[in-house]
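Starting from the given sequences, assemble the full structure and let the hints guide the process.
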Amino acid sequence: MMREYKKLWMALGIIIFLTPLGLLATGTAYGEWSTDELAEVLGFVPGGLARFADFWQGALLPDYGIPGMTATFMHSAVGYIVSAVIGVVLVVGITMLFAKVVKD
Amino acid sequence: MHIPDGYLSPQTAIPFIGLMVPIWGVAVNKVKKTLKKREVPVLAIGAAFSFTIMMFNLPVPGGSSAHAVGAVLLAVLLGPWAASIGVSIALIIQALVFGDGGILAIGANCFNIGVVMPFVGYWVYRWIKGQADGLSSRAIVAAAIGAYVGLNAAALCTAVEFGAQYHLFQAVDGTPLYFMYPMKMAVAAMMIEHLVLAGPVEAIITALGLGFVAKTHPTLMSDKVPVNGNPGHSEGVMAK
Chain A
1 MMREYKKLWM ALGIIIFLTP LGLLATGTAY GEWSTDELAE VLGFVPGGLA
51 RFADFWQGAL LPDYGIPGMT ATFMHSAVGY IVSAVIGVVL VVGITMLFAK
101 VVKD
Chain B
1 MHIPDGYLSP QTAIPFIGLM VPIWGVAVNK VKKTLKKREV PVLAIGAAFS
51 FTIMMFNLPV PGGSSAHAVG AVLLAVLLGP WAASIGVSIA LIIQALVFGD
101 GGILAIGANC FNIGVVMPFV GYWVYRWIKG QADGLSSRAI VAAAIGAYVG
151 LNAAALCTAV EFGAQYHLFQ AVDGTPLYFM YPMKMAVAAM MIEHLVLAGP
201 VEAIITALGL GFVAKTHPTL MSDKVPVNGN PGHSEGVMAK
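Listed in order, the protein sequences are those of chains A and B. Residues 1 to 104 (the numbering used here) are what the first sequence spells out, left to right. Residues 1 to 240 (the numbering used here) are what the second sequence spells out, left to right.
Please note that a few of the clues may not be correct.
[What the hints assert, rightly or not] Listed next, the in silico DSSO-like pairs over lysine-lysine satisfying Cα-Cα at most 27 Å (straight line): (1) A:Lys103 x B:Lys32; (2) B:Lys36 x A:Lys7; (3) A:Lys100 x A:Lys7; (4) A:Lys103 x A:Lys6.
Hints listed in this document are in silico derivations from the structure and should not be mistaken for laboratory results. Note that the structure is predicted; figures quoted are calculated from it, not measured.
Structural data, given as structure tokens:
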């Protein structure tokens with residue numbers, strides 16, 4: 001699994017290492033504003049949105065950061081890389097299950 | 001483009017989950033039949049690539065941000081059904097573990113980013129590529145244009161789903177219940193960001209990614225080797 005696509009795995013590793021560049025853009029993506037941001041901009045939070053916004057409480061690394069470790073850019077960068085590594089391990093692990101069901 | 005929970009009414013979000021279940025079923029069956037065992041790591045790397053590429057937020061003037069996805073790169077390498085699976089896995093992990101994109105909204109997000117984008121991008125790629133070889137520069141350009149169009153198709157779907165909420169769901173006092181801006185504004189804002197910034201970045205990343213795969217693993221990209229044909233282009237050329 002590792003040897004045949006060694007260069008692709010290495011490229012993925014470099015991309016993971018570079019992910020903190022994505023932290024330089026600090027603006028919230030369109031339509032992904034928090035309820036706090038909405039309250040500030042609109043003066044209210046839409047009723048239905050407020051009801052469902054916190055539907056999922058299980059995110060262990062919210063916003064690709066380690067909770068409580070976001071004080072400086074360096075802290076956020078470490079959290080971001082840790083998140084990328086954990087995310088990649090999970091995504092690769094789940095996708096590799098297909099190796100058990102495909103042919104040859 | 002990851003719709004959070006609360007932005008879509010349950011009447012919108014739940015049917016999208018219902019729509020995705022059979023799509024995932026078909027995709028898994030297609031992949032089981034067509035993907036080779038040795039291609040599975042490529043799908044895993046591709047899904048992980050998509051996961052990490054979505055972490056590279058690009059600053060949008062005016063205080064917003066956007067990002068590329070990588071879905072068309074996967075579609076070109078392994079086909080649109082495999083791309084749907086890879087990107088869906090990335091999106092589900094992003095929602096569950098990192099709170100990026102909603103859980104109720106997971107169907108809509110997987111439809112926009114994991115189905116519309118790879119399929120539209122792949123169709124455009126095939127149409128422009130025509131009979132050209134998978135390793136030709138024409139194919140790379142076709143993939144870049146496919147990536148641009150695919151990302152923007154996904155952004156348009158997201159914007160329309162957003163905008164529809166404003167017109168369909170209002171509280172008794174007339175305030176919006178879910179997404180809070182009219183269709184025109186949602187489409188304009190989403191499309192400007194993706195047509196001008198994220199789309200070109202998606203095209204460049206797709207071209208660079210394919211260029212890298214072409215160099216390191218040309219057999220992944222050349223079209224199906226003819227029965228009597230020469231396998232692997234670079235090796236074939238060198239052997240002569």
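Here's how the hints hold up against the structure:
1. A:Lys103 x B:Lys32: 7 Å, holds
2. B:Lys36 x A:Lys7: Roughly 20 Å separates the two Cα atoms, so the pair holds.
3. A:Lys100 x A:Lys7: Since the Cα atoms of A:Lys100 and A:Lys7 sit roughly 24 Å apart, the hinted pair holds (cutoff 27 Å).
4. A:Lys103 x A:Lys6: 23 Å, holds
In this structure, every one of the numbered hints holds.
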